[in-house]
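Asks: As a plain string of letters, each chain reads:
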Amino acid sequence: MSQRKNLFKKKRSSEEMTLQITSMADIFTIILVFLLKSYATSSIEVQPSPGLKLPEGDSKDAQVEAIQVEVSEKGIQVDHQAVTTLDNFHFQASDLNSSGIPNSLNHSFQNQKKKQTLIAQANPDVKPDKKILIVADQRTPYVTLKSVFASAALNGYSDLKLVVAKRE
Amino acid sequence: MNVSSEGGSGGKGGSQDFDLNLAPIIDCFTVLITFMLVSASFLATGIFDAAAEAPGQAAADTKPPAVHLEVTLLDQSTLEVKLSGKEKFTHKLPPKDQDWNLAALQSELQQIQKKWPEVQSMTLAASNEIQYLHLIKVMEASKKIIPGVLFGGF
Chain F
849 MSQRKNLFKK KRSSEEMTLQ ITSMADIFTI ILVFLLKSYA TSSIEVQPSP
899 GLKLPEGDSK DAQVEAIQVE VSEKGIQVDH QAVTTLDNFH FQASDLNSSG
949 IPNSLNHSFQ NQKKKQTLIA QANPDVKPDK KILIVADQRT PYVTLKSVFA
999 SAALNGYSDL KLVVAKRE
Chain D
3 MNVSSEGGSG GKGGSQDFDL NLAPIIDCFT VLITFMLVSA SFLATGIFDA
53 AAEAPGQAAA DTKPPAVHLE VTLLDQSTLE VKLSGKEKFT HKLPPKDQDW
103 NLAALQSELQ QIQKKWPEVQ SMTLAASNEI QYLHLIKVME ASKKIIPGVL
153 FGGF
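In order, the protein sequence lines correspond to chains F and D.
When you read off a place in the first sequence, starting at 1, and then add 848, the result is the number in my numbering.
When you read off a place in the second sequence, starting at 1, and then add 2, the result is the number in my numbering.
Isolated chain F (complex conformation) (with noise of 0.2 angstroms):
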């Protein structure tokens, strides 16, 4: 008869719900110190724009810190300031001179140049670099990059660090 009692008794399950706080204070531990493992400080970090591909490549040379440009889709920006727009990476015909160097870039590396001379002038320990990094889609046409190329070398940016994306 009591175990009959025993079976019928319900018991009153309880409502409270109590969070495991600790396990999360263990996960989230752990996923900080990944986090502040590959934290990067360093100013040459290179971030393409969002749906920019970078093409594939196995490089040992080291990062260095230089002018930034970056050829995507639909523009050009150095030292991500947006410079000139591209029609499916092609420049404007209206935007290319006679040699097909195109105006707004030149003109932006001629800034650039002034700019890193007048801090060299101001600095004596600050040379003015050669070196310039391009980051490009990778389905940019020759023809595009040329120009980039082209309007660079005659600013006086004619050491090219091609920026490529580390096989796995």
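Calculated directly from the structure, the hints in this document are not laboratory data.
Just so we're clear, the structure is a prediction, and the values are computed from it rather than from any experiment.
Do not rely on the hints blindly, as some may be mistaken.
[Said to hold, decoys possible] Cβ pair distances, simulated, as ranges: (1) D:Thr-92 to F:Ile-967: 43 to 49 angstroms; (2) D:Glu-120 to F:Val-894: 31 to 37 angstroms; (3) F:Ser-947 to D:Thr-92: 25 to 31 angstroms; (4) D:Glu-120 to F:His-928: 39 to 45 angstroms; (5) F:Val-881 to D:Thr-92: 57 to 63 angstroms; (6) D:Pro-149 to F:Phe-882: 34 to 40 angstroms; (7) D:Pro-26 to F:Pro-972: 36 to 42 angstroms; (8) D:Ala-68 to F:Val-912: 30 to 36 angstroms; (9) F:Pro-976 to D:Pro-97: 25 to 31 angstroms; (10) F:Ala-941 to D:Asp-77: 20 to 26 angstroms.
No residue lacks a Cβ here, since even glycine has one placed at the ideal position from N, Cα and C.
For chain F, the structure is supplied; the task is to place chain D on it using the hints.
Replies: Chain D only, in chain F's frame:
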């Protein structure tokens, strides 16, 4: 979470239990993790060294090499290797499996370097619509033999 410590000032019994409040710790961690996730870059990048000559300008202070090597990427995955100077030839390398014949290119470059060891740089050019991806592939294969690459065709 309970933390207890024994001994206390003037109390009978001695153990002082206190709860460690994990909520503010979780709060800090959440903010830090969010900041790190937004600013972290998970893209590993490398650098290929190349050079560009300003159109119409030649380096005045360097002695011209005995031969000048030029590799051009043509349409339909065809490579053209051109040597000019003391020795002249133009070799076209047809595609292999509908892709650039990089093995043949490397073999050609090795032969040139054996004959002309002073050749340490080459000019790389391409047809207008050749994509950057292909340039990098060819450049990567060529750099193993000839380390210096100069972009041309301006």
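Asks: Hint compliance check: list the failing hint numbers for this structure, sorted ascending.
Replies: 7 and 9
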